[in-house]
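K.L.:
Below, each chain spelled out in residue letters.
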Amino acid sequence: MKNKLIGILSLTIVLMMSGCKDKVYRKYMANSPIYTSYEEFRNSIKFESPHNITTKGQIYIKDSYLFVTDPHKGIHVIDNSNPASPNNIGFIKIIGNTGFVIKGNYLYANALIDMVVIDITNITAPKVVGRIENIFPDVLPLSSYDPNYPIAKIDSSLGVVTAFEIKEVTEETNDNNNYSTTLSNFESSIDVVGGSSNFQGQGISGSITKITMINNYVYVMEGNHLIPIDVSNPFEPKSSEKIRIWRTVETLFAYQNHIFMGTTTGMLIYETSSPNNPTEVSVINHLTACDPVVVQGNYAYVTIRSGNTCAGVLNQLDVVDVSDFNNPILKASFQFINPHGLGIDGDKLFICDGTAGLKVLDATNPLTCGNQLIKTFDNIQATDVIPHNNIAIVIGDDGIYQYDYSDIQNLNLLSVINF
Amino acid sequence: MKYRYIIIFIFLTHYVFAQRREVTLNNGSVIIGVVKTNNDSIVKVQTKDGTIWQYSKQDVKSIIEYDYVTYKNKIYSFVTGGIMPAQVFSSSLHIINGYRFNKHWQAGIGVGTENIANRGYLPLFLHGQFNFSKSASTPFISAMAGYAMSLSNNKDEWGVTAGVQIGINQFFSDHLGLSTSIGYRYGYFKEKNFNMWVGIPLLEYYTIREINRLELRIGLVFR
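Taken in order, these protein sequences are the chains called A and X.
Each residue of the first sequence is one higher than the one before, starting from 50 at the first, in the numbering used here.
Each residue of the second sequence is one higher than the one before, starting from 214 at the first, in the numbering used here.
Take the hints with a grain of salt, since some may be wrong.
[Said to hold, decoys possible] Just a few of them, taken from the derived set where beta-carbon distance is under 7 Å, the chain A residues facing chain X:
id : residue
1  : Arg75
2  : Lys76
3  : Phe468
These are computed hints drawn from the structure, not numbers from a lab.
Don't be surprised by glycine CBs; every beta carbon is placed ideally from N, CA and C.
All chains should be built: construct the whole structure from the sequences, respecting the hints.
P.N.:
Listed below in structure tokens is the structure:
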């Protein structure tokens, strides 16, 4: 009897233990995600009283308004009908926003994982009228990300990651022998710093951008993918299939139904005859560096700079003949100190040359513009500029400066919005 | 599945071993051996040297199971090998030295070597056992718990482990027996590592393994 009991007990243990499994955990300090419920996140867009600008972002002008992105937080709305006395009238809170474009009365902006369409007919009462949910599923809020630590595992069922906090995390893993983790999705994150376009009805932005618009399509760079979004019906925006770009794209600039992409290794030109499927038509290569681009007439102006995140050794302005989009030809290069954003208005080319200040060039003859320095303003250390209607809106590390350049030899400081 | 057959086979082997008896005569003599015949008239007992002794039934006072467990030497040793099946198979060798307090209870200190998830550990543990009977073939239940020292160069690697077993000790003689058992083993193993993420400075992290394993053991008992 006793032996039978032991036998039965043994078999029971065998059967029970067949379900047992080892568990392996990793415990480490990490960027631990802070979640916001999807409902709260998607109801968070609202107009608030004026905020102080804390971080420089995209600058954008539309009609008499100046819009300034406070990366990952939202958009400051400034009544700029009198550039000498800009009036900060409010803040459109958009969690995770880094860039936007405006056409007509609609503002198209990224909001972390979503793309939203906001009716700004009444600028103080913006209304979300369209949304593509989860179009950027891998985007993370890098504003609170500490690059000294990896990102902990993300469980999207808990909500949207709207921030990170550094703390010790314990994660179960299937890896029983070797530990490996990645900065999950880091490379896919949008880091839009501006928006650009110069099409009818649209606003004007600086040159440093990863979101742009051509006719009824908004184009957004998400990591290494270009996403066309059909906004012909702003109430029902539709995204198309992502297009893999085999380079690191830093800026987008739309010109004559073409998208000019400033990449770290060259300038790409995509045509948009099929707006939902732009195709590459040409490329001009250069050594690794950062390179915003603007286009006017038959020429593209490309500033190429080195730096911490840009690598490379080049610091120059390239002038590229793009009269034939299929066959761009580098016509001239000019040395600069550390050129960042640039803008062109007629025959005046503005270059933000890092610590060397803001330089204004005469671009009457594009092929010699680099040698036609009109004026250097040493005291203006800017990263991007919008020259428009004799007003240069310049953004630097500490504020937004507006200059009257009707007398190009004497830029007249009209106003400063400090950060 | 094949492990189940192995276990069943090991347990069945215990039944084929002969059972020793303690035959007490009316004159006070005690003969220890295997009872070959036991009927109304005679009792035949074969002692360890092979001699068969025959007694009249009337001269036999009692026949009881030989008390292997309370053998006069209270010190015992186990040497057992074990396996803990899992995705990464683990092996184990234990040496336990202990003391028998009475016919049911014994306790000892063990040391060994184990391979857990391709890492070597030296377990130091306490071992306790309860024997259900005093016969040559006694079922038992045992428990162990202790600290596992890493055999690697990583000084920040250690573990704790504990387990329970049920099994059978089959003694062939007063000095030697076979022990087979099956049970459950839990282990918590922690190690400190460093890793380099792209663009991130050297970062320390801990790997924690919790094992929940079926454990099969077979070995020898010395005393």
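K.L.:
It remains to establish, for every hint, whether it holds in the given structure.
P.N.:
Outcome of the hint check:
1. A distance limit of 7 Å between C-beta atoms decides the matter here; for A:Arg75 the minimum to chain X is near 6 Å, and the interface restraint holds.
2. Satisfaction of the interface hint for A:Lys76 is found here, the shortest Cβ-Cβ separation to chain X being roughly 4 Å, below the 7 Å cut-off.
3. For A:Phe468, the interface hint is violated, the least distance from its beta-carbon to any beta-carbon of chain X being 27 Å, above 7 Å.
Hint 3 from the earlier list is the only one contradicted by this structure; the remaining hints agree with it.
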